[in-house]
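In the order they appear, the protein sequences are chains A and B. Under my numbering, the first sequence is numbered contiguously, ending at residue 89. Under my numbering, the second sequence is numbered contiguously, ending at residue 378.
Please keep in mind that the hints were generated in silico from the structure rather than gathered at the bench. There could be a bad hint or two in this list.
Derived Cβ-Cβ restraints for the label pairs, each shown as a range [to be verified]: (1) A:85 to B:208: 56 to 62 Å; (2) A:74 to B:195: 24 to 30 Å; (3) A:34 to B:212: 16 to 22 Å; (4) A:34 to B:223: 22 to 28 Å.
With a straight-line Cα cutoff of 25 Å, these simulated DSS-like cross-link-like pairs (lysine-lysine) come out [claimed, not checked]: (5) B:252 to A:48; (6) B:178 to A:48; (7) B:178 to B:252; (8) B:306 to B:282; (9) B:277 to B:169; (10) B:277 to B:306.
Sample of chain A residues lacking proximity to chain B, with all beta carbon distances greater than 12 Å (derived) [unchecked claim]: (11) 81; (12) 83; (13) 84; (14) 85; (15) 86; (16) 87.
C-beta: ideal position from N, C-alpha, C; glycine also.
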Amino acid sequence: MSIAASLAIWLILMLLLGLEFLVRGVVAVAIGGAMATFVALTYMQLVKTGGTASAFALAAVFWLMVMFGLGSMDPATRHDVGVAQRTQD
Amino acid sequence: MSERRRLTNALLSLLGLILGFLVGRGRIVEVAPQPAGFAGLPDQERTRDAALEDLHLGREGSGGFVSGFSPAFEDPADAKHVEFQYADKAHQTETALTGMWLFLATEALFFGGLFLLYAIYRARYPEAIADASRHSELAIGTINTAVLLSSSAIFVFGLGRIKLGQSRALFWACVVTACLGVVFLGLKLYEWKLDFDDHLFPNASFAIHGAHEGAAKLFWTFYFIATGLHGLHMIGGVILVIWIALGARANRYDARYYTPVEIVGLYWSFVDMVWLLLYPSIYLVAMRQ
Numbered sequence: 001m002s003i004a005a006s007l008a009i010w011l012i013l014m015l016l017l018g019l020e021f022l023v024r025g026v027v028a029v030a031i032g033g034a035m036a037t038f039v040a041l042t043y044m045q046l047v048k049t050g051g052t053a054s055a056f057a058l059a060a061v062f063w064l065m066v067m068f069g070l071g072s073m074d075p076a077t078r079h080d081v082g083v084a085q086r087t088q089d
Numbered sequence: 090m091s092e093r094r095r096l097t098n099a100l101l102s103l104l105g106l107i108l109g110f111l112v113g114r115g116r117i118v119e120v121a122p123q124p125a126g127f128a129g130l131p132d133q134e135r136t137r138d139a140a141l142e143d144l145h146l147g148r149e150g151s152g153g154f155v156s157g158f159s160p161a162f163e164d165p166a167d168a169k170h171v172e173f174q175y176a177d178k179a180h181q182t183e184t185a186l187t188g189m190w191l192f193l194a195t196e197a198l199f200f201g202g203l204f205l206l207y208a209i210y211r212a213r214y215p216e217a218i219a220d221a222s223r224h225s226e227l228a229i230g231t232i233n234t235a236v237l238l239s240s241s242a243i244f245v246f247g248l249g250r251i252k253l254g255q256s257r258a259l260f261w262a263c264v265v266t267a268c269l270g271v272v273f274l275g276l277k278l279y280e281w282k283l284d285f286d287d288h289l290f291p292n293a294s295f296a297i298h299g300a301h302e303g304a305a306k307l308f309w310t311f312y313f314i315a316t317g318l319h320g321l322h323m324i325g326g327v328i329l330v331i332w333i334a335l336g337a338r339a340n341r342y343d344a345r346y347y348t349p350v351e352i353v354g355l356y357w358s359f360v361d362m363v364w365l366l367l368y369p370s371i372y373l374v375a376m377r378q
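One chain only, chain B, in its complex shape:
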């Protein structure tokens, strides 16, 4: 290809880019009509954010890039809680709940793999797993289960209160829930310390010897991985509950808007559910003697 031809091609490409930009810009201006009664910026300076702000606030006549979405709020107070991409409050709530359930479905499969492995080992080495389980701290595990069940009940109570518009009750419910979560984590850390002191971590100084040593190591590996992962989820849950408490304190939620409280409640109950399966799998394997 000659030097002249290359130069011509480059100039034509540049011209195409400029024309494309101008045509595109023209179209954007075309589909962004000035809304009725809009007393803001002139057309040329009207920005995307301004158009979206109109839409967000539910101003009539706002069009522009996302015309076709025209939220109709039965109660104008709902408008401040609804993001621009949703038709109305119900649409936003349904989307948020569906998203959370999808996330929980992936979490169920995540923990499911762990439980599958446990079930296979327990079926293959029933006596060894029962022997290994006798070394676990049953009292701490049982207290922790009661603590977690109580925390879920209190959070659900708080959710019920905010549906009646009682923001202060939600705040205190979240404070108690978070405190119980911290108690759970504190007890779990103490239990881990006892387990390490008893040389139950599956390494070279593992305390269980003999014919059941291999299966016992499998059990304690499961124990540390499962309780560790559950603990990480608990830490996340406590942070979320504190976030809800701060929101309740700032009166961010009321009887019309409490979707984040529902979402965090779902997560907290799910973490509770995982523990309800871990508890008998770890502490209650061996029969009473």
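Extracted from the complex, chain A is given alone in its bound form:
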């Protein structure tokens, strides 16, 4: 990677960090995720790697989705149902 390319990537990441700092909340987490993906695509050259290595990276994403899907199913679908008060006749 050339000096110009690595400097450009660093600048983009710093700008995203500034944006993240300003917006905060859930959007900041989304920007953080975008930054992590950007690092994987640029510094780690995920697309260029190809072959089995890419398959492992995709497998990690797949199993993370399975884990998050199954793990959040109960908290996402559970409803707290109030128990009716027993009244005295």
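Given the coordinates of chain A, work out where chain B should sit on it, guided by the hints.
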């Protein structure tokens, strides 16, 4: 069973072992022919290591236990970097990169469990988690993020330099990267000290009381476990970067061989990625007031 029969069985077993050993040894000698032009040890004393050394150095005609593997190097200088079990340099590099990605996949799942737990608690107790997050040291967290992003950029710059054969540039890139890693760890330790001083460690003297106390304890438990695990990974990363720096100083890497630099770069960037997700999860939960 009679005493005599037991003795006969034992003798037959012993005989079988001796015969098996001799036959096996004979086969090994059979499949280890003397290579053309080999002026080393005679056949009887030819060892496995000698055969592998021939193979490692890419000498033609080397056969033996692993015949079938005959590395063909386009550039003879590549031979010294390629271990005997690989067909060529590309095979070795691909295997190393694939192995590292597999390791990183397991690491992603390892940290994934932690983030899943965090996401569930944040969805269940949004206000309490936001309140707890307000006690975190935002300035230190932000500086640390910038430090880590810069360190990754510098290491990648070093990787680019070694691809051009500039070993000295790689050395200095690694030195700066390791220094930034140490700065990150130093700031993190200082931040932990401040957190402990503010009684934010979830124990009996926990500082946050009231309706949000339970959820705040969950948040700070996540904080100490996640940043602690990330810190351990950082320590490992700094050690690896120093190892690469020492290798660069000893001219172990050049434009033809830099696989270890790529591997360590992948690890360092992954640790960076984890922090990029931790930063907004810890410091940027609460909206600006």
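Structure-based check of all given hints:
| no. | hint | verdict |
| --- | --- | --- |
| 1 | A:85 to B:208: 56 to 62 Å | violated (34 Å) |
| 2 | A:74 to B:195: 24 to 30 Å | holds (25 Å) |
| 3 | A:34 to B:212: 16 to 22 Å | holds (21 Å) |
| 4 | A:34 to B:223: 22 to 28 Å | holds (25 Å) |
| 5 | B:252 to A:48 | holds (16 Å) |
| 6 | B:178 to A:48 | holds (18 Å) |
| 7 | B:178 to B:252 | holds (15 Å) |
| 8 | B:306 to B:282 | holds (17 Å) |
| 9 | B:277 to B:169 | violated (42 Å) |
| 10 | B:277 to B:306 | holds (20 Å) |
| 11 | 81 | holds (16 Å) |
| 12 | 83 | holds (20 Å) |
| 13 | 84 | holds (24 Å) |
| 14 | 85 | holds (23 Å) |
| 15 | 86 | holds (27 Å) |
| 16 | 87 | holds (29 Å) |
Hints 1, 9, counting from the list given before, are not met by this structure.
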